[in-house]
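Residue-level listing of the chains:
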Amino acid sequence: MEGRAYYARSCGAATESMSLHQSRIRNFCIIAHIDHGKSTLADRLLELTETVAQRDMQDQVLDSMDLERERGITIKSHAIQMQYPASDGISYTLNLIDTPGHVDFSYEVSRALKACEGAILVIDAAQGIEAQTISNLLLALDHDLEIIPVLNKVDLPSARPDLVAMSVENLIGEPAEDVLTISAKTGEGVQDLVEAVIARVPPPKGKVSAPLRALIFDSIFNQYRGAVAYVRVFEGALKRRDDIYFMAADRTYAAEEIGVLRLGMEPAEELVAGDVGYVIGSIKDVRDTRVGDTITHARRRAAAPIAGFREVKPMVFSGVYPANAEDFEDLRASLARLQLNDSAIVYEPETSVALGFGFRVGFLGLLHMEIVQERLDREFGLDIITTLPNVKYEIVLTSGTVQIIENPNKVPAGNVLDHIREPYVKAEIITPTDYIGNLMKLCQERRGEYMNQTYLDQERVSLEYQLPLAEIVFDFYDRLKSFSRGYASLDYELSGYRRSDLIKLDILINGDPVDALSAIVHRTKAFEMGRKLTSRLKELIPRQMFEVAIQAAIGSRVIARTTVRAVRKDVTAKCYGGDITRKRKLLEKQKEGKKRMKHVGSVEVPQEAFLAVLSMER
Amino acid sequence: MAGLYIHVPFCRQRCTYCDFYFVAGQRDHSAFVAALCRELRQVARRGFSEPVSTIYIGGGTPSQLTSQDIARILRGLRKAYDAAAAEEVTIELNPEDVTAPYLQALKKLGISRVSVGIQSFFDDELTFMNRSHDARQAHDALALVAGAGFRSYTVDLIFGLPGQTEDRWAQNLDRLRAFDAPHVSTYSLTIEPKTPLQKQVARGLVSPLPDQAMATLYQMAMDTLSSHGYEHYEISSFAQPGHRAQHNSRYWSHANYLGFGPSAHSFWWQRTGGAARWRNVRSLRQYVALIRGGQSDAVCEDHEILSLPALGLERIMLALRTAEGVDLLVLKETYDMDLLATKGETIARLAQAGLVTTDARSLRLTDRGKHICDRVTASLLP
Chain A
1 MEGRAYYARS CGAATESMSL HQSRIRNFCI IAHIDHGKST LADRLLELTE
51 TVAQRDMQDQ VLDSMDLERE RGITIKSHAI QMQYPASDGI SYTLNLIDTP
101 GHVDFSYEVS RALKACEGAI LVIDAAQGIE AQTISNLLLA LDHDLEIIPV
151 LNKVDLPSAR PDLVAMSVEN LIGEPAEDVL TISAKTGEGV QDLVEAVIAR
201 VPPPKGKVSA PLRALIFDSI FNQYRGAVAY VRVFEGALKR RDDIYFMAAD
251 RTYAAEEIGV LRLGMEPAEE LVAGDVGYVI GSIKDVRDTR VGDTITHARR
301 RAAAPIAGFR EVKPMVFSGV YPANAEDFED LRASLARLQL NDSAIVYEPE
351 TSVALGFGFR VGFLGLLHME IVQERLDREF GLDIITTLPN VKYEIVLTSG
401 TVQIIENPNK VPAGNVLDHI REPYVKAEII TPTDYIGNLM KLCQERRGEY
451 MNQTYLDQER VSLEYQLPLA EIVFDFYDRL KSFSRGYASL DYELSGYRRS
501 DLIKLDILIN GDPVDALSAI VHRTKAFEMG RKLTSRLKEL IPRQMFEVAI
551 QAAIGSRVIA RTTVRAVRKD VTAKCYGGDI TRKRKLLEKQ KEGKKRMKHV
601 GSVEVPQEAF LAVLSMER
Chain B
1 MAGLYIHVPF CRQRCTYCDF YFVAGQRDHS AFVAALCREL RQVARRGFSE
51 PVSTIYIGGG TPSQLTSQDI ARILRGLRKA YDAAAAEEVT IELNPEDVTA
101 PYLQALKKLG ISRVSVGIQS FFDDELTFMN RSHDARQAHD ALALVAGAGF
151 RSYTVDLIFG LPGQTEDRWA QNLDRLRAFD APHVSTYSLT IEPKTPLQKQ
201 VARGLVSPLP DQAMATLYQM AMDTLSSHGY EHYEISSFAQ PGHRAQHNSR
251 YWSHANYLGF GPSAHSFWWQ RTGGAARWRN VRSLRQYVAL IRGGQSDAVC
301 EDHEILSLPA LGLERIMLAL RTAEGVDLLV LKETYDMDLL ATKGETIARL
351 AQAGLVTTDA RSLRLTDRGK HICDRVTASL LP
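Chain order of the listed sequences is A and B. So for the first sequence, the numbering used here puts the first residue at 1; every next one is plus one. So for the second sequence, the numbering used here puts the first residue at 1; every next one is plus one.
There may be inaccurate statements among the hints.
[Stated by the list, open to error] Short derived list, chain A residues pointing at chain B, Cβ under 10 angstroms: (1) K426; (2) K538; (3) F546; (4) A566; (5) V567; (6) R568; (7) K569; (8) T572; (9) A573; (10) R584; (11) L586; (12) E588; (13) Q590; (14) K594.
FYI, nobody ran anything at the bench for these hints, they're computed from the structure. Even glycine gets a Cβ: it sits at the ideal position worked out from N, Cα and C.
Let the sequences and hints guide you as you build the complete structure.
What follows is the structure in structure tokens.
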């Protein structure tokens, strides 16, 4: 029982000398762009510290969700504790805190960073620095983390370690010749890196005698144990069975089990200042273990929580409807279960004339939305239809009142509407200089406002733009990649609301508005969007018994129109004794197929039409 | 009363569009004829024994049989069934088999109606379809049939061959009209699965006529034939007054019918409610062997009992094809389906779009509706 042995060790240390205990802990994370090798490096660390036997090694142990493994990105952060006998003869406790790698999850990243004293900055020696790496690096610097830059994939023929090391020097001042080089794939240089972590990352501080303050940097939901909070203790000591108080959630629970995170959860009697571990307390709702919240003792409360807690607010909204109306209750149950381990999802019921009963669901971003859709499909086996994603708008009425809407169909009538305000983001794009022209054009098309341009080195530039969030939630990232042959990277943060010339664009089918296809768009883009939507729908709506008119309209003004001509021929030539069964079966099959059609007035619209419109290029 | 269908599974060669069951190149038909007579007897003994109202000998190519073989079949039939009141006895003929003595022999056997598979009056079209006759033979056969003195006869024509022009179809209709045939069946060329034609299309050797062109040709048939006194009484069937196909009409009105011979279909109302439908085995060899062993019931495949809702669906599907249309009262009383109550809105919309006409009693397709009959049917399903 290695866990128990460790527990005895750590407790012993805790009682003999607190500072000694802390001096043997290093809390750190790895900052890297997608595909730069973070997970592979984590795997090597687990092997080197013998935390995982080589034979049990499954590639990228930390990314436990199937989806994460497939996409090569970390959606949720995790933590793992390792023991490492260093060259100085001392055994150190290394807590590696994994950080999510996508722009949708920047708040979670900030909380994971907060739990660390140091960060390994992994840069692909072939690809160079990316926007997201920089934004996470800046976040890490904000948290006063010791940064250990390291060039990965030096074994690749395309690696340019000297050049990339120079841009690292430009970025953080680390002399280029001191930058470590590794190959996470082969393990080359990894041991030196761990020694550097021990030598350079400061040990945690914090008084064990002070009132308890433990930061929740992640939480998961376990169907048998309830919510599990992953914590970093900053001050004080947390013992098993202590009554604990969640300061932002304003809830009290008993710490039924505490422990450390190795490959699984290993119970312990105590976690003290500097430790990283977990807390379980019959917490039924993951929303009570919010990332960024502070845990203190119920009776001896800390004076103030750890700074930086934020309510996570969804940025992108979309209607989510069951493909089969009878699955509505299943969808409700599935969303509730998803919310158990993804507190960032918010949803409320809504109805659509075209799609029936469903939910308006809020997501952190488009990736988060895709993940939720895929999980509903894979884990819950639900066939769903989603409407065009949109952001949250501020509606200013002529009376001066402001309404906030998450659904374009809630835009009030023209006579009471004064104007619409929309969220803007500050976006940072890092790109090889060759693509500056392309990307500036893209930003301009997306109503971007140029702010700044900084050369990182001779080949790479950082562009700063103010962009409407609505313009980037929809395929902006894909366009960015295709405009730059995959080299440019993007990071953004919300910068506030601005008044814009926005209008509601409606799609009408034979005169009936299709609420699921309504969108709020900028006036200058309405015509093009209307034209594209109507011509795409023309391809997707099959010919019917009657002619079908598809119109795009602003208010009562039609700005684009297409027509689906009526079907010309659909009749079986022969129908004698031997043909009847086959023909009936065909009709019955058609009847089944019709169940998957949505009705807009008398027009049958296949579900695929809604889906395809969503994935349409703007 | 029941209609009897006899399937003669012999053909000289395979027409490219045909998906019926047949065997080619078989000369000795005696085993088949003997088995058929035994099947008739066995089925009648199993209780499917109502008096016969219509007889239809189809195929395959029944005219591959000698008149002696046909005589044996009819003798067998009349032994097993009471066919004294049969109002129509039809046989299908291929033009190349038609001779004056053959026709006279058939007439003597009590055949009252012949169906001539002309399909086209043009050699290039007949060659394309791999028919076993040419235009000359088609013409001659029709002349003989017209003069043979049957109570009625019918001609089959196919339209919508790849590349067929309106002009060419008009010429086919003209030649047909010259004979003043009492009944005409015109079929749009349909690409059935697993036929040589379907393979040609799949390989890109042949491209089907576009729907629009197909619709134009169909409309031409409707216009031409109705202007010459034909009644368009079913999607593909046109008759001069008093010459509707009695046997086929039974299919469209859900009357009992029994099929004999390999691959023949049967439909039979159950005393206990619902109806049964089955098909005979699609293999001449197995068919003959099973019947010899006295196992006429083992010949049946795909046996199913149809529930009332399934039958109602069929009734709508079949009746909509006919000039009388769907009898809403019959549908309600016999099939417990109240179409006006459940589909009133759809019917109103169909009527408004000029696809159907309706009164409280019936629902009928207009000419426009006939072009998209299947679509209209689908919209009326519960």
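Given a cut of 10 angstroms on the nearest C-beta pair, is the interface hint for A566(A) held or broken against chain B? Where the cut-off is 10 angstroms and the nearest Cβ of chain B is about 8 angstroms from A566(A), the hint holds.
Does T572(A) hold up as a contact with chain B if the rule is Cβ-Cβ below 10 angstroms? 6 angstroms, holds
Does K569(A) hold up as a contact with chain B if the rule is Cβ-Cβ below 10 angstroms? Given a least distance of 4 angstroms, the restraint on K569(A) holds.
Hold the hint about K426(A) up to the distance rule: shortest CB distance to chain B must be less than 10 angstroms. 54 angstroms, violated
Supplied contact hint for R584(A), tested at 10 angstroms Cβ to chain B: This hint holds: R584(A) lies near chain B, its Cβ roughly 5 angstroms from the closest one there, short of 10 angstroms.
For the hint on A573(A), does the least C-beta distance to chain B fall short of 10 angstroms? At about 4 angstroms, which falls below the 10 angstroms cut-off, the nearest Cβ of chain B leaves the hint on A573(A) intact, so it holds.
Interface hint status, F546(A) versus chain B (Cβ within 10 angstroms): 5 angstroms, holds
Holds or violated: is there a CB of chain B closer than 10 angstroms to the CB of E588(A)? Constraint on E588(A) satisfied, holds at 7 angstroms.
Verify the interface restraint on V567(A): the C-beta must sit less than 10 angstroms from at least one C-beta of chain B. Constraint on V567(A) satisfied, holds at 6 angstroms.
Against chain B, with CB atoms and a cut of 10 angstroms, does the hint on L586(A) hold up? 8 angstroms, holds
Restraint: R568(A) near chain B, CB-CB cut 10 angstroms. Satisfied or not? 4 angstroms, holds
K538(A) was flagged as interface toward chain B. Is the shortest Cβ-Cβ separation under 10 angstroms? 17 angstroms, violated
Violated hints for the displayed structure, listed by number in ascending order: 1, 2.
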